[in-house]
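Colleague: The letter at position 80 of the sequence shown is residue 1518 when you use the working numbering, and the numbering goes up by one with no holes.
Derived from the structure by calculation, the hints contain no laboratory data. For every residue, glycine included, the Cβ atom is placed at its ideal position computed from N, Cα and C. Possibly wrong hints are sitting among the right ones.
[As the list claims (entries may be wrong)] Across the chosen pairs, the derived CB separations fall in these ranges:
(1) Gly1497 - Asn1618: 23 to 29 angstroms
(2) Arg1544 - Thr1573: 45 to 51 angstroms
(3) Asp1496 - Ser1570: 25 to 31 angstroms
(4) Asn1526 - Lys1614: 20 to 26 angstroms
(5) Ala1579 - Ser1547: 48 to 54 angstroms
(6) Asn1618 - Thr1478: 34 to 40 angstroms
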Amino acid sequence: MNPLGTKVLISVGVTGALGGAGYGIHALTSSPDTSDTSDTLSNFFKKDSTIKLVSQDDGSEAAWTKAHDAYLLEKDEVGLSITDKTINNGTDIKDWCASALTKTIRSTSDLLYRQAKKWCTEFKTISEQIGSTKTREEDLATLDGKHGALDEKIKQALKQITDVSGNNQNGAKLKKWCDNNLKRSYSDVQEYYYKHIVSNCYK
């Protein structure tokens, strides 16, 4: 064999040996691929001790009705509307949650996780948060007198309320607005409503 051919063979051999050694080191030192975090939605919730799911047992109807009331008010605002099932009452949300909890997701950023965390877990309403610390204003004349100072967003909402009659109609509309929005969840996202409910619906 000529000298040039010998040099080429030696070069290839050395390169192959080094490459093989490099692969061996990589194989020994690399960790297994653990990027797949798929699990059932139910198990994701079990990992977070701060979350408590609404019970599926009989006797939980009030909690599911509360979830449905908040759902009607908030679903479009928070972008978590349930689109794969018609929601007409608390039982519909209960059934949707039971099905959703068996499904597999990859992370807490999945839409299904965010939907279920919002609609399938226990929460406190604005009404429950305020509790008995304040007294509701029930006098329609007094409520009517607050109309001029209301935030424009609330005034626009009152225009959509038409089933009132008699005197102090703006007061009657404001009372209905208060009754309805007290069903919202108490959260940072609903701070606007909490603030205006406290200032306009209570003495």
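Colleague: Can the suggested window of 23 to 29 angstroms be confirmed for the beta-carbon pair Gly1497 and Asn1618?
Modeller: Given range 23 to 29 angstroms: holds, Cβ gap about 26 angstroms.
Colleague: Quick check: does the Cβ-Cβ distance between Asn1526 and Lys1614 fall within 20 to 26 angstroms?
Modeller: With a Cβ separation near 22 angstroms, Asn1526 and Lys1614 satisfy 20 to 26 angstroms, so the hint holds.
Colleague: Could one say that the CB atoms of Ala1579 and Ser1547 fall in the range 48 to 54 angstroms?
Modeller: Holds - the Cβ-Cβ distance for Ala1579 and Ser1547, about 50 angstroms, lies within 48 to 54 angstroms.
Colleague: Okay, Asp1496 versus Ser1570 on CB: inside 25 to 31 angstroms?
Modeller: Given a distance of about 29 angstroms, which is inside 25 to 31 angstroms, the answer is holds.
Colleague: Given a hinted range of 45 to 51 angstroms, is it respected by the beta-carbon distance of Arg1544 and Thr1573?
Modeller: holds (49 angstroms)
Colleague: Measuring from beta carbon to beta carbon, are Asn1618 and Thr1478 in 34 to 40 angstroms?
Modeller: About 36 angstroms separates the Cβ atoms of Asn1618 and Thr1478, which means 34 to 40 angstroms holds.
When each numbered hint is compared with the structure, no violation occurs for any of them.
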